[in-house]
Amino acid sequence: MSGQMNLTLKVWRQTNINDKGQFVTYQAKDIADDMSFLEMLDIVNDDLTRKGEDPIYFDHDCREGICGMCSLVINGRPHGPEYGTTTCQLHMRSFHDGQTIVIEPWRAAAFPVLKDLAVDRTSFERIQQAGGYVNVNTGGVPDANAIAIPKRIADEAFESATCIGCGACVAACKNASAMLFVSAKISQFALLPQGQTERYERAQSMVDQMDAEGFGNCTNTGACEAECPVGIKMTNIARMNREYFTAKLFREEDVHN
Amino acid sequence: MSKSKPVLTSSLGKKLVMSLTGLFLCTFLIVHLIGNLQLFSDDLGYSFNNYAYFMTHFTPIKVVSYLLYASIIIHAVYALILTIKNKAARPIEYNKTDGKANSTWNSRNMGILGTVLLVFIATHMQNFWFQYKFGTTPYVEYRTDIATGDRQTDQFDNVPETYTGYRSFVDNGVETVQSKDLYTQVAVTFKNPLIVLFYVIAMGALSFHLIHGFQSAFQTLGFNHRRYIGVIRAIGVWGFGVIIPVLFALMPLYFYFLK
Numbered sequence: 001m002s003g004q005m006n007l008t009l010k011v012w013r014q015t016n017i018n019d020k021g022q023f024v025t026y027q028a029k030d031i032a033d034d035m036s037f038l039e040m041l042d043i044v045n046d047d048l049t050r051k052g053e054d055p056i057y058f059d060h061d062c063r064e065g066i067c068g069m070c071s072l073v074i075n076g077r078p079h080g081p082e083y084g085t086t087t088c089q090l091h092m093r094s095f096h097d098g099q100t101i102v103i104e105p106w107r108a109a110a111f112p113v114l115k116d117l118a119v120d121r122t123s124f125e126r127i128q129q130a131g132g133y134v135n136v137n138t139g140g141v142p143d144a145n146a147i148a149i150p151k152r153i154a155d156e157a158f159e160s161a162t163c164i165g166c167g168a169c170v171a172a173c174k175n176a177s178a179m180l181f182v183s184a185k186i187s188q189f190a191l192l193p194q195g196q197t198e199r200y201e202r203a204q205s206m207v208d209q210m211d212a213e214g215f216g217n218c219t220n221t222g223a224c225e226a227e228c229p230v231g232i233k234m235t236n237i238a239r240m241n242r243e244y245f246t247a248k249l250f251r252e253e254d255v256h257n
Numbered sequence: 258m259s260k261s262k263p264v265l266t267s268s269l270g271k272k273l274v275m276s277l278t279g280l281f282l283c284t285f286l287i288v289h290l291i292g293n294l295q296l297f298s299d300d301l302g303y304s305f306n307n308y309a310y311f312m313t314h315f316t317p318i319k320v321v322s323y324l325l326y327a328s329i330i331i332h333a334v335y336a337l338i339l340t341i342k343n344k345a346a347r348p349i350e351y352n353k354t355d356g357k358a359n360s361t362w363n364s365r366n367m368g369i370l371g372t373v374l375l376v377f378i379a380t381h382m383q384n385f386w387f388q389y390k391f392g393t394t395p396y397v398e399y400r401t402d403i404a405t406g407d408r409q410t411d412q413f414d415n416v417p418e419t420y421t422g423y424r425s426f427v428d429n430g431v432e433t434v435q436s437k438d439l440y441t442q443v444a445v446t447f448k449n450p451l452i453v454l455f456y457v458i459a460m461g462a463l464s465f466h467l468i469h470g471f472q473s474a475f476q477t478l479g480f481n482h483r484r485y486i487g488v489i490r491a492i493g494v495w496g497f498g499v500i501i502p503v504l505f506a507l508m509p510l511y512f513y514f515l516k
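Protein chains in written order, with my numbering: chain A, 1 to 257; chain B, 258 to 516.
Bear in mind the hints are in silico, worked out from the structure with no lab data behind them. Backbone N, C-alpha and C fix where the C-beta goes; we use that ideal spot for every residue, glycine too. Do not rely on the hints blindly, as some may be mistaken.
Partner residues aside, some chain B positions facing chain A, computed with beta carbon under 7 Å [stated by the list, open to error]:
hint, residue
1, 264
2, 268
3, 339
4, 349
5, 352
6, 353
7, 354
8, 355
9, 357
Cross-link-like lysine to any residue pairs, in silico, SDA-like; alpha carbons within 25 Å at most [to be verified]:
hint, chain 1, residue 1, chain 2, residue 2
10, B, 262, A, 89
11, B, 448, B, 413
12, B, 344, B, 361
13, B, 262, A, 246
14, B, 353, A, 246
15, B, 357, A, 76
Label-pair ranges, simulated between beta-carbon atoms [claimed, not checked]:
hint, chain 1, residue 1, chain 2, residue 2, range
16, B, 386, A, 125, 30 to 36 Å
17, A, 82, B, 344, 25 to 31 Å
18, A, 153, B, 461, 16 to 22 Å
19, B, 451, A, 112, 45 to 51 Å
20, B, 288, A, 149, 45 to 51 Å
21, B, 337, A, 141, 50 to 56 Å
22, A, 153, B, 337, 39 to 45 Å
23, A, 42, B, 454, 56 to 62 Å
24, A, 137, B, 488, 42 to 48 Å
25, B, 500, A, 153, 35 to 41 Å
Required output: the full structure, derived from the provided sequences and hints.
Below you can see the structure in the form of structure tokens.
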């Protein structure tokens with residue numbers, strides 16, 4: 001059963017990073033309820049282009065929920081009203097005819113708005129560069145499964161590694177804290193043997209970079225976990241805290257000569 | 258990867274301070290509650306007044322009490338610092354928010370609840386601690402017949418020169434205790450309906466603050482495992498969110514309605 005609906009959109013428009021920006025109201029007509037949210041915006045943009053107006057700028061790439069590019073705070077919820085979806089996986093059947101939808105960009109000092117609904121998330125990349133990697137020896141390719149890893153550990157590391165770096169945790173957090181993202185990135189390496197060499201330096205460097213980027217401080221509200229499209233858990237934040245405090249208290253090795 | 262910053266200047270370090278001071282204040286609540294339950298004992302305030310003297314004059318307790326004042330101040334100051342930083346992390350607020358969709362009200366409003374508690378602590382210190390130490394708390398004399406256990410109280414107005422706030426002696430089979438009468442101070446204070454109302458509201462704030470705060474403190478310390486998280490949450494909700502605030506709230510209600 002496919003229905004058509006007409007919607008009122010209140011969209012944040014901002015011409016560039018220095019512009020003050022404001023909300024502009026648009027009408028979205030004849031929207032099919034099996035469209036994705038981004039397809040609905042495509043239709044609105046087609047209309048704007050035909051009229052010679054500047055289309056609404058928003059981030060998107062894979063449109064299948066794995067790249068982490070699409071963002072948008074929709075009626076106060078990152079990635080919209082459903083749980084466990086990105087915006088491209090959100091269907092218009094989650095809305096009803098005549099509804100007003102407020103569409104805003106991620107709001108955080110560390111995510112400056114570039115244009116309209118697109119924000120600059122390179123702060124996440126700088127956190128990754130600070131320690132979200134492992135060093136490996138060059139040479140022959142090692143045998144697969146040469147290092148034994150317990151199934152439970154491998155599974156948990158995999159769960160942490162599913163983070164797509166979209167920033168919904170920051171957008172959802174009342175403090176604009178990036179701790180769910182950073183903790184997932186720290187966890188995926190801390191759990192695995194390959195990540196041990198840099199383990200404790202990594203926790204410190206990534207937390208330091210997170211602080212330097214101007215993200216807020218976690219108050220354990222759990223909004224990040226609830227809004228995460230791939231279900232990253234707050235147990236990661238507890239693990240990050242263990243890694244960090246252990247690093248600071250017991251693992252700051254020095255050469256005593 | 259280079260040398261990192263000192264622990265307490267980082268975001269996690271500040272959270273650690275919040276967690277540890279918060280948990281210390283939680284342990285204080287248990288002691289404070291157990292001591293104050295003596296208000297319910299029907300002995301003309303004898304045991305409560307003895308307890309009050311002990312708590313204000315036993316050196317180890319005094320040391321801990323200074324730690325306690327420091328914890329309250331540090332907890333509040335760090336909360337303020339973190340709140341200012343958190344506000345700065347989102348300079349432009351959302352036009353539309355839907356906080357209840359992903360988090361509880363009390364977890365989002367710990368600052369408001371904490372502010373109520375800070376005002377309460379100041380009021381509470383003025384009502385009792387200040388009055389006991391420097392104010393108008395009256396004196397009382399208990400005469401207990403050691404053989405029969407019969408106890409009488411008297412106003413104790415003729416305070417001798419050598420008296421230092423508390424005196425206990427046995428004479429002719431009668432134990433005499435002369436002390437400041439904090440019990441009466443409590444009873445008189447809790448005849449004021451506004452004070453009673455404020456105390457009960459503050460205990461509501463305490464409940465909501467600790468339902469989130471207790472388990473949050475353990476999460477910050479890194480304790481979050483399926484094996485024991487249920488126990489931590491249960492202690493937070495039933496111990497610190499229900500039993501402790503309710504028993505505290507019963508004290509002003511008891512004096513207002515029953516004494």
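Against the structure, the hints come out as follows:
no.: 1; hint: 264; result: 4 Å, holds
no.: 2; hint: 268; result: 5 Å, holds
no.: 3; hint: 339; result: 5 Å, holds
no.: 4; hint: 349; result: 5 Å, holds
no.: 5; hint: 352; result: 6 Å, holds
no.: 6; hint: 353; result: 4 Å, holds
no.: 7; hint: 354; result: 4 Å, holds
no.: 8; hint: 355; result: 3 Å, holds
no.: 9; hint: 357; result: 10 Å, violated
no.: 10; hint: B:262 / A:89; result: 41 Å, violated
no.: 11; hint: B:448 / B:413; result: 23 Å, holds
no.: 12; hint: B:344 / B:361; result: 19 Å, holds
no.: 13; hint: B:262 / A:246; result: 14 Å, holds
no.: 14; hint: B:353 / A:246; result: 40 Å, violated
no.: 15; hint: B:357 / A:76; result: 10 Å, holds
no.: 16; hint: B:386 / A:125: 30 to 36 Å; result: 54 Å, violated
no.: 17; hint: A:82 / B:344: 25 to 31 Å; result: 29 Å, holds
no.: 18; hint: A:153 / B:461: 16 to 22 Å; result: 44 Å, violated
no.: 19; hint: B:451 / A:112: 45 to 51 Å; result: 49 Å, holds
no.: 20; hint: B:288 / A:149: 45 to 51 Å; result: 47 Å, holds
no.: 21; hint: B:337 / A:141: 50 to 56 Å; result: 54 Å, holds
no.: 22; hint: A:153 / B:337: 39 to 45 Å; result: 40 Å, holds
no.: 23; hint: A:42 / B:454: 56 to 62 Å; result: 58 Å, holds
no.: 24; hint: A:137 / B:488: 42 to 48 Å; result: 45 Å, holds
no.: 25; hint: B:500 / A:153: 35 to 41 Å; result: 39 Å, holds
In this structure, the hints that do not hold are numbers 9, 10, 14, 16 and 18, in rising order.
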